[in-house]
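Engineer: Keeping the supplied structure of chain A fixed, place chain B with the ligands upon it in accordance with the hints.
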Amino acid sequence: MTRALIKAWPALAATAFALAIWQAIVTLSGVPRFILPAPALVAETWWTNRWVIAEHAWITAVEVFLGLGIGALVGVATAIQLATSRYARLLVQPVLVFTQALPVFALAPILTLWLGFGLSSKVLMCVLIVYFPVAASFLDGLLRTPPGYLDLARTMQARPGQVLWRIRVPAALPSLASGLRLAAVYAPIGAVIGEWVGASRGLGYLMLLANGRSKTDLMFAALLTLGVFSVLLHLGVRALTRRMVREEV
Amino acid sequence: MSQAPGITVKGRAEIGGARLFAPLTLELAPGAWTCLLGGSGVGKSTILRLVAGLETEAAFTGDISASDGGPVAPRVGYMAQDDLLLPWASVAQNIALGPRLRGDPTERDRLAGLMARVGLNEHAQKRPYALSGGQRQRVALARTLMEDKPVILLDEPFSALDARTRAEMQDLAVELLAGRTVLVVTHDPGEAARLGHSVQVMTPEGLTEVTPPKAAIPRGVDAQETLACQADLMRHLMALAA
Ligand SMILES: Nc1ncnc2c1ncn2[C@@H]1O[C@H](COP(=O)(O)OP(=O)(O)O)[C@@H](O)[C@H]1O
Ligand SMILES: [Mg+2]
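Chains A and B are the protein sequences, given in the same order. Under the working numbering, the residue at position 190 of the first sequence is numbered 190, and the numbers go up by one with no gaps. Under the working numbering, the residue at position 151 of the second sequence is numbered 151, and the numbers go up by one with no gaps.
This is chain A alone, in the form it adopts within the complex:
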């Protein structure tokens, strides 16, 4: 506990400093609260609206978790498929690069048009955002197996399937971990943009709603909630993937 505190204190100090500056700007400039509410007011609004915020945050969290889970699974499956077949790689890799050049966010209106205002359009947004970094970095890892291992396997008359599962996949886990970590950063953004385009629930929807009614304090409260959720998600994914990265486990 104390060690965790020692590790976290620079972040805590920085946060406190930022809050102090924020409060000072609001107090000194006398900027109206619908332009920039003071942190104390945001905290108060957050507390009085905690159940509403929690309900919307839950929706966003479900979208992100589903999107992250499905996107990661499909990404992993794609990487393995492509890693085992040169032919599939030649065929699919250009398509992958092309779809990545296309900003997924630009697809949000179309996805909403096709799938409606419900959960599925946001989940699909997240899936699309998560899919590429996971597939690309895992595939990269699978194609960069240390050649010495493959030489050794060859002199052992190894079967390709066994080489894949016992050497290539474990050797590529650090790459997969970095893909997952990257994906975890982008997934909440995907969900929120999906909600902006069209939704009746979720933190993104709440932010738009509050903004439209000049409830800037509520908008900030929702934004901070999203920020905290994203940080927790990042830390969670980091912790879950730690074993993939460390070789001395």
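Heads up, a few of these hints could be off.
Claimed, not checked - Which residues of chain B face chain A? A partial, calculated answer using Cβ under 10 Å:
1) Ala52
2) Glu55
3) Ala59
4) Gly69
5) Ala73
6) Met79
7) Leu84
8) Gly98
9) Pro99
10) Leu101
11) Arg110
12) Met169
Said to hold, decoys possible - Label-pair ranges, simulated between beta-carbon atoms:
13) Thr25/B - Gly148/A: 27 to 35 Å
14) Gly16/B - Ala14/A: 52 to 60 Å
15) Asp140/A - Thr208/B: 52 to 60 Å
16) Asp140/A - Glu27/B: 38 to 46 Å
17) Gly148/A - Glu168/B: 53 to 61 Å
18) Thr208/B - Pro174/A: 45 to 53 Å
19) Gly16/B - Arg89/A: 23 to 31 Å
20) Ser132/B - Phe98/A: 44 to 52 Å
Treat the hints as calculated values from the structure; they're not laboratory data. For clarity, every value in this text was computed on a predicted model and none was experimentally measured. Idealized CB from N, CA, C, for every residue including glycine.
Structural biologist: Structure of chain B with the ligands alone, referenced to chain A:
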């Protein structure tokens, strides 16, 4: 293990149209240790990889054959300077890598016997990072023995070890690889003087045989004839550099 065959490498190699080594003949006597010495980049590892049936940068023209007429590459066990232990697998899993990669069941008794012979019984469940350099090479040696191949190729296998551990590993390797046809690539004249039934110095022009001592291997590190042979080899290598 079947009777170990002799191996003959006969041919020349080029890299990008330029000569790597001129036509040469390397004979590995059946059941004996052949040491291949030479400067960096003359193609020692290339020869070894050719025998093992591995890809090389060089284009080889010639023939690699076994004295009994059988295939070569499938009967070859290979051990490089890098021990190539899988960091995520235990010592036991690393030793049993061959059967695991072929999808065969691991012969538990043989595995336990090998671990005992290389003195790693207590470390069976450890990961490689928890082992010393010498212990890691023992795992690699046990993994090679698990394959039970009659021809063994060692590419500077002990060069990363300290002098004492290296000498111990040489003794252990000679004991455990008895009866097999062994080719050791080394840049250590002392190693060649201790281990070679036949010692070949390689240059781009070809091979020069240096007569090793008569004594059985592993020869004493402090034996007069070992030291004399080592000095002889050293002179050879320095003459090449000049
Ligand atoms: N991966 C590679 N790419 C390009 N050239 C290589 C590669 N590996 C080896 N070579 C070339 O092949 C020659 C022989 O290499 P090698 O057989 O490893 O030499 P040795 O083991 O005697 O030091 C070297 O001079 C080097 O230039
Ligand atoms: Mg070499």
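Engineer: Take the hints in turn and mark each one as holding or not.
Structural biologist: Hints, one by one, checked against the model:
1. This hint holds: Ala52/B has a C-beta 5 Å from the nearest C-beta of chain A, less than the 10 Å allowed.
2. For the restraint placing Glu55/B at the interface with chain A, the shortest Cβ-Cβ distance is roughly 8 Å, inside the 10 Å limit, so the hint holds.
3. The interface hint given for Ala59/B is violated, since its Cβ lies 19 Å from the closest Cβ of chain A, which is over the 10 Å cut-off.
4. The interface hint given for Gly69/B is violated, since its Cβ lies 20 Å from the closest Cβ of chain A, which is over the 10 Å cut-off.
5. Interface hint at Ala73/B: satisfied, since its Cβ lies 8 Å from the closest Cβ of chain A, which is below the 10 Å cut-off.
6. Checking Met79/B against chain A: minimum C-beta separation of about 9 Å stays under 10 Å; hint holds.
7. For Leu84/B, the interface hint holds, the least distance from its beta-carbon to any beta-carbon of chain A being 5 Å, beneath 10 Å.
8. Evaluation of the Gly98/B hint against chain A yields a held restraint, the C-beta minimum of about 4 Å falling below 10 Å.
9. Evaluation of the Pro99/B hint against chain A yields a held restraint, the C-beta minimum of about 9 Å falling below 10 Å.
10. A distance limit of 10 Å between C-beta atoms decides the matter here; for Leu101/B the minimum to chain A is near 3 Å, and the interface restraint holds.
11. The beta carbon of Arg110/B comes no nearer than 15 Å to any beta carbon in chain A, farther than 10 Å, and the hint placing it at the interface is violated.
12. About 19 Å separates the beta-carbon of Met169/B from the nearest beta-carbon of chain A, more than 10 Å, and the hint is not met.
13. Take Thr25/B and Gly148/A: their Cβ atoms lie about 29 Å apart, and the range 27 to 35 Å holds.
14. A beta carbon spacing of about 56 Å between Gly16/B and Ala14/A agrees with the range 52 to 60 Å that was offered as a hint.
15. Taking the beta carbon of each, Asp140/A and Thr208/B are about 46 Å apart, not inside 52 to 60 Å as hinted.
16. Taking 38 to 46 Å as the suggested C-beta distance range, the pair Asp140/A and Glu27/B conforms, at roughly 45 Å.
17. As the Cβ distance of Gly148/A to Glu168/B is approximately 24 Å, the hint placing it in 53 to 61 Å is violated.
18. Separation of Thr208/B from Pro174/A is about 46 Å and conforms to the stated range, judged on CB atoms against 45 to 53 Å.
19. Between Gly16/B and Arg89/A, the C-beta spacing of about 27 Å keeps the proposed range 23 to 31 Å intact.
20. Ser132/B and Phe98/A have their C-beta atoms about 51 Å apart, which keeps the hinted 44 to 52 Å range intact.
This entry does not satisfy hints 3, 4, 11, 12, 15, 17, going by the numbered hints stated previously.
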